[in-house]
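Asker: Assemble the whole structure, with the sequences as input and the hints as a guide.
2 protein chains.
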Amino acid sequence: MPTPFAARLQEYTARISDCLERILPAEDVLPARLHAAMRYSVLNGGKRIRPLLAYASAECLNIDPQRIDSAATAIELIHAFSLVHDDLPAMDDDDLRRGKPTVHRKFDEATAILAADALQPLAFSAVAECTATTPEQSACLIRLIAHACGSRGMTGGQSIDLSSEGKTLSAAELEQMYALKTGALIHASIMSAACVADELTGTDRRGLQQYADSIGIAFQIRDDILDIEGETLIIGKPAGSDIRQDKATWPGLFGLEPARERCDELLQHSINGLECFGERAEPLRWLAHYIVDREQ
Amino acid sequence: MPTPFAARLQEYTARISDCLERILPAEDVLPARLHAAMRYSVLNGGKRIRPLLAYASAECLNIDPQRIDSAATAIELIHAFSLVHDDLPAMDDDDLRRGKPTVHRKFDEATAILAADALQPLAFSAVAECTATTPEQSACLIRLIAHACGSRGMTGGQSIDLSSEGKTLSAAELEQMYALKTGALIHASIMSAACVADELTGTDRRGLQQYADSIGIAFQIRDDILDIEGETLIIGKPAGSDIRQDKATWPGLFGLEPARERCDELLQHSINGLECFGERAEPLRWLAHYIVDREQ
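Protein sequences, first through last, are from chains A and B.
One rule links them: number in this note's numbering = place in the first sequence (from 1) + 749.
One rule links them: number in this note's numbering = place in the second sequence (from 1) + 749.
Calculated directly from the structure, the hints in this document are not laboratory data.
These figures come from a predicted structure and were not determined experimentally.
One or more of the hints may lead you astray.
Identical chains share a label here; the pair holds if one copy fits it or two copies do between them.
[Claimed, not checked] Here are the simulated lysine-lysine pairs, DSSO-like style, with alpha carbons at most 27 Å apart: (1) Lys916 <-> Lys855; (2) Lys855 <-> Lys996; (3) Lys796 <-> Lys916; (4) Lys849 <-> Lys796; (5) Lys996 <-> Lys796; (6) Lys849 <-> Lys916; (7) Lys996 <-> Lys849; (8) Lys916 <-> Lys996; (9) Lys855 <-> Lys796.
Answerer: Shown next, in the form of structure tokens:
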């Protein structure tokens, strides 16, 4: 049964597609091959969960969507850059993403490295060039996003993930890695609304933080579960790519059922954080359930 | 005979080393290996020509050096990131840089990719967190630097460079590629002073642009000449790494002597741009000569 936010999903995904389409150089702009690779990596029918979280957070804080466009765009560009590099032979060495050849397979390795490299400055441009936010708000967004994708955020998490292959981690260590690898950018998607809010009470900020921290980790655990279940259902093999790569994952280390329980616990904790917002947080609640229940 | 700016060189290189040292996470901050690789790639005894150009441009426009620190730091971090990725097996496949193992040789390929990835957001953080510039000036710097290192700047130039191997380009096409690959970041180093200047006449801006555009191309041609001459003098081989990789270079396509003449012509053109500044441009003049005359 569609909730009001579910009914607006398509509007928002069209909105972010539009923003991405507009900021990405056209394929006939030189260097054409590089721009083709950038567009291929971004305009690929992704679920756009991070932009949706940004728009839902903006609704929660009564912010006009055009003031969150630049952050939503930047974060999706950063997410795309990270996927291109994660897929490289020196990293996860994946040939397919969403059923299509990965960028280094479709183009070549050098082009994949450079295309992703060029998505990062494009992301920061999106924020610095936005006229719907004040320069102070843009600077706040850039600090937030830069921290989220740097060595103490997403990129650091990916580095820890690679060095954890074949190792046994405690649940706390594992979730610390998830908080960086996946959680940091999801956290930034949500907290970007706080940067452009005219005012925000301490209680509201803490509530949003609690939601952001918990749902980011839940997102990754759900990904791990899908990596196992998806393979089992679709190609009849019990092991997904995480197991083949001997990755440290929640269900891999502690079992599928405990992973599902942990996911629900995190969902509940994230929803609890939204109490102070009442009805306005409905979109964020809807997205939290979507993240934990999704089948892809 | 040391000119006044030459006497301040050491002061400025110590200043930028200090800025870089302070912004880079320590090696004992997790993930330690990633941070070690980031520090290794940046704190490597580079010549710091881009920061020097930024400080000299600040002197030219009567700007306090502390207002250009963040741009100088960001640009040197971006430069370091680009070298790490350029050296990767999928790109130039270099084992040594400045006589030391390249980052992917010293660490591993995944760490090299990620360390460089993390230098980019650190660069934008440096600017966005700076309190010596106004939020408007920070946004101007971020737009400038993001454009310089993106697909229509440095990264685009590197992409064209790779696809030009073995091809014959006209001098104009070659210099267009140099303007992106090398010129864009040098241009940003110089024009960053214009972002933080309180006011700037159109004449001054055009003069600085002329200097910036010409010296960036001269810098790359000098690099090409050194790649040939350096090898010849030091290990007695007539061919440098550019020739081995069949790179399109100025001396390679048009000869060493014409390359030297073109370099001098660009030097003269860059110096002519500084006429409106009188004595205040002495540091930039000195650096232009240094760039064209340097032996490494």
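Asker: Take the hints in turn and mark each one as holding or not.
Answerer: These are the hints, each one checked on the structure:
no. : hint              : in the structure
1   : Lys916 <-> Lys855 : between (33 Å within a copy, 23 Å between copies)
2   : Lys855 <-> Lys996 : both (26 Å within a copy, 24 Å between copies)
3   : Lys796 <-> Lys916 : neither (31 Å within a copy, 41 Å between copies)
4   : Lys849 <-> Lys796 : within (15 Å within a copy, 44 Å between copies)
5   : Lys996 <-> Lys796 : within (24 Å within a copy, 41 Å between copies)
6   : Lys849 <-> Lys916 : neither (31 Å within a copy, 32 Å between copies)
7   : Lys996 <-> Lys849 : within (23 Å within a copy, 33 Å between copies)
8   : Lys916 <-> Lys996 : within (8 Å within a copy, 43 Å between copies)
9   : Lys855 <-> Lys796 : within (21 Å within a copy, 38 Å between copies)
In this structure, the hints that do not hold are numbers 3, 6, in rising order.
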